[in-house]
Amino acid sequence: MNDSKIPAWVSIIVLPLINILFAFAFSAIIFLAVDVNPIEAAQTMINGAFGYQEGIGYTFYYATNFIFTGLAVAVAFSAGLFNIGGEGQAYIGGLGVGLVCLGLDHTLPFWALLPITMFASMAFGALWALIPAYLQAYRGSHIVITTIMFNFIASSLMVYLMVNVLNQKGQMAPVSRVFEDSAGLPGFHTIAGWFGYCFAESPMNLSFLIALLCCVLVWLLLWRTRWGYAIRAMGSSPSAAEYGGINRKRLIIIVMLISGALSGLLSLNEVQGYAQQLKLGFVAGYGFTGIAVCLIGRNHPFGIVLASILFGILYQGGAELSFDFPNIDREMIQVVQALVVLFSGALSLMLVKPTERLFVYLDEKKKSNNTSAAEA
Amino acid sequence: MYENIILILDATLRVSAPLILAALAGLFSERSGIVNIALEGKILSSAFAAAATTSVTGSIMLGLLAAMFTSTLLSLLHGFACITHRGDQIVSGVAINMLAAGLTVTLGRYWFGLGGQTPPLSNDERFTSITLPGADAVADIPVIGLLYSELISGHNILVYLALLLVPVCWWIIFKTRFGLRLRAAGENPHAVDTAGISVAWLRYRALICAGILTGIAGAYLSTAHSAGFVPNMSAGKGYIALAALIFGKWKPVPVLFGCLLFGFLDAMAIRLQGAELPFIGEVPVQAIEILPYVLTVLLLAGFIGRAVGPKSIGVPYVKSR
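Going line by line, the protein sequences match chains A and B. Residue 1 is where the first sequence starts when you use our numbering, and the numbers rise one by one after that. Residue 1 is where the second sequence starts when you use our numbering, and the numbers rise one by one after that.
No lab work stands behind these hints: they were computed from the structure. There could be a bad hint or two in this list.
[To be verified] Cross-link-like lysine-lysine pairs, in silico, BS3-like; alpha carbons within 25 angstroms at most:
hint, chain 1, residue 1, chain 2, residue 2
1, B, Lys-249, B, Lys-175
2, A, Lys-353, A, Lys-367
3, B, Lys-319, A, Lys-353
4, A, Lys-353, A, Lys-366
5, A, Lys-249, B, Lys-175
6, B, Lys-311, B, Lys-251
[To be verified] Facing chain A, according to a computed beta carbon distance under 8 angstroms, are these residues of chain B, among others:
hint, residue
7, Ala-81
8, His-85
9, Ile-90
10, Ser-92
11, Ala-95
12, Leu-99
13, Arg-205
14, Ala-227
15, Tyr-239
16, Ala-243
17, Pro-284
[Claimed, not checked] Here are some chain B residues the structure puts well away from chain A; computed CB gaps all over 12 angstroms:
hint, residue
18, Met-1
19, Ile-6
20, Ile-60
21, Asn-97
22, Val-143
23, Gly-196
The C-beta atom is built at its ideal place from N, Cα and C for all residues, glycine as well.
Could you put the whole structure together from the sequences, leaning on the hints where they help?
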């Protein structure tokens, strides 16, 4: 990698774009295989995602989730850790939000409740990441395996709580009561109203702004603080970082706590913003999508915002697609997502060499053209 | 009481069979140095392939072949990403799991129009239970009769195959030249390379073995255990198999017992639903459900024994230049 023969902008912008194009090209083949014209499908998706205000709201509502989970994966990735447990951490974070809302929504006004729910979501999410982090740092068990196991433990725990403890008295459905109106996060249409603008009602809410704020904070943390330096140092070379006096074990714990807290914040959007009650399975794979988002966003908060919006389009557009095309349902989006992970993640090195060669070739051609021009 | 125990053990065998097959698949790939969290996706896609092919052709054998072919194909994709192109093995595994979850439903909907399910299979399109010779004759003999006719006899062929494959895999991995090299590739690939053996080709072959085994596991789910495919029917079995693999410390026989233990817990969870136990009261099903994961985490953390994986697992091999 050190003897890179290509300019930086190629490896930062062009290569990721080529990888995504490959993923989309293969998706198009699958669309063709189920008798759907991929170009029509793309048009429907973009119309569904951006064609009208409610659609735009949905796109950004999904994007909010992806920003949180994408950042969570990215922070851990920067330290060379693979946090695959965003799913469980967000789920448990939702438990925190739900408990606070159920307990305090009658007594506290919204402005007093929000800091508590934010803290609860982060604390619960971080706590769920703490055990795998401790086991990785001090007992040497592999973080990927333990976080996978903790996803399952979280899901069973939530099923137990929703079925036996938190459901409404005398009702079978595993859902909690709906929070008081005052407890819910204000929707984007309400916020727009404060400033005198009109926006159609949609699930997009205040947490989108919190997500953007988190992007800035993560950027500051990773590139402007001493901890961030230590995190990145550990990510690029654990032994050098340790030699340089960085306490590896403590740093693993810190990184995973931050990562878990970011995953936990997802539940602000889903539980306090969208559903306004606790339900089963509200994380719905967003934690795993965070991996794809982080890979496309190249571990950088700015890239993650762009990648999140891309996935927001895919999710919202995908929902629209399933109305218009009987052959397709939401699972199709998972295929696109899988191909993106495959090409931008697992096969990301595949195209490095050919692109390098192409650029060297173009470069030499330019040089020889220049010299022949000079000779003439 | 005795009858209950036999029935639970009988259920244990049935639940464990796909776990055993998948864990053996994981054994091949992880012993050669490739982390395989894609087991889940391979089971799911091969379950779909088996049910779909069988319901279209009517031949269960073609179904089994299609299952093995599909999961081998995914294995090769995994290899292409992480052996040939040195991609991250976990990322590649995640991608394969997502791909399987999405594609099975998308294609299933398109082909059969049943919301992702395949048409139900009739009994002669399935692996049905085999009554071993003499099972009916001895059924009335106390103790042994029940043991033989319920527990040992009366499973489908794939259950026996899974049990048989444990010693076979042990023999391949620990007693053959291929197995020795395979283990070496997972411990010290440079040594293998120095001996003039291709690490990449070894790992590819290990992944092909893994593909065939997960293919059988998938076919078991959709054509033996149930009669047809339903979306997400693997329901985390791939991850449980991975847990059993770690629990068995990457050794065939302990892995077998790990799978049987986790299968037993699963069978108990179903039986204990809503039942009151003496002294403890009603045990929540979820508490038993999470035991495999909790046990594996405890083991990995070194609180009950120690699980140390192959040394070079997860590291792409780069030939030094």
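Checked hints:
1. B:Lys-249 x B:Lys-175: 18 angstroms, holds
2. A:Lys-353 x A:Lys-367: The given pair, whose Cα atoms are some 21 angstroms apart, holds under the 25 angstroms limit.
3. B:Lys-319 x A:Lys-353: 17 angstroms, holds
4. A:Lys-353 x A:Lys-366: 20 angstroms, holds
5. A:Lys-249 x B:Lys-175: Cα-Cα ~40 angstroms, so violated.
6. B:Lys-311 x B:Lys-251: Judged against 25 angstroms, a Cα distance of about 14 angstroms means the pair holds.
7. Ala-81: 4 angstroms, holds
8. His-85: Holds, about 5 angstroms.
9. Ile-90: Where the cut-off is 8 angstroms and the nearest Cβ of chain A is about 6 angstroms from Ile-90 of chain B, the hint holds.
10. Ser-92: It holds, given that the least Cβ distance between Ser-92 of chain B and chain A is near 4 angstroms, below 8 angstroms.
11. Ala-95: 4 angstroms, holds
12. Leu-99: It holds, given that the least Cβ distance between Leu-99 of chain B and chain A is near 4 angstroms, below 8 angstroms.
13. Arg-205: Interface hint status for Arg-205 of chain B: violated (20 angstroms vs cutoff 8 angstroms).
14. Ala-227: Violated - the Cβ of Ala-227 of chain B stays beyond 8 angstroms from chain A, reaching only about 22 angstroms at its closest.
15. Tyr-239: 6 angstroms, holds
16. Ala-243: 7 angstroms, holds
17. Pro-284: Hint on Pro-284 of chain B: holds, closest Cβ of chain A at ~5 angstroms, below 8 angstroms.
18. Met-1: Per Cβ check, Met-1 of chain B is outside 12 angstroms of chain A; nearest 29 angstroms; holds.
19. Ile-6: 28 angstroms, holds
20. Ile-60: 26 angstroms, holds
21. Asn-97: Violated, since 8 angstroms does not exceed 12 angstroms.
22. Val-143: 37 angstroms, holds
23. Gly-196: 26 angstroms, holds
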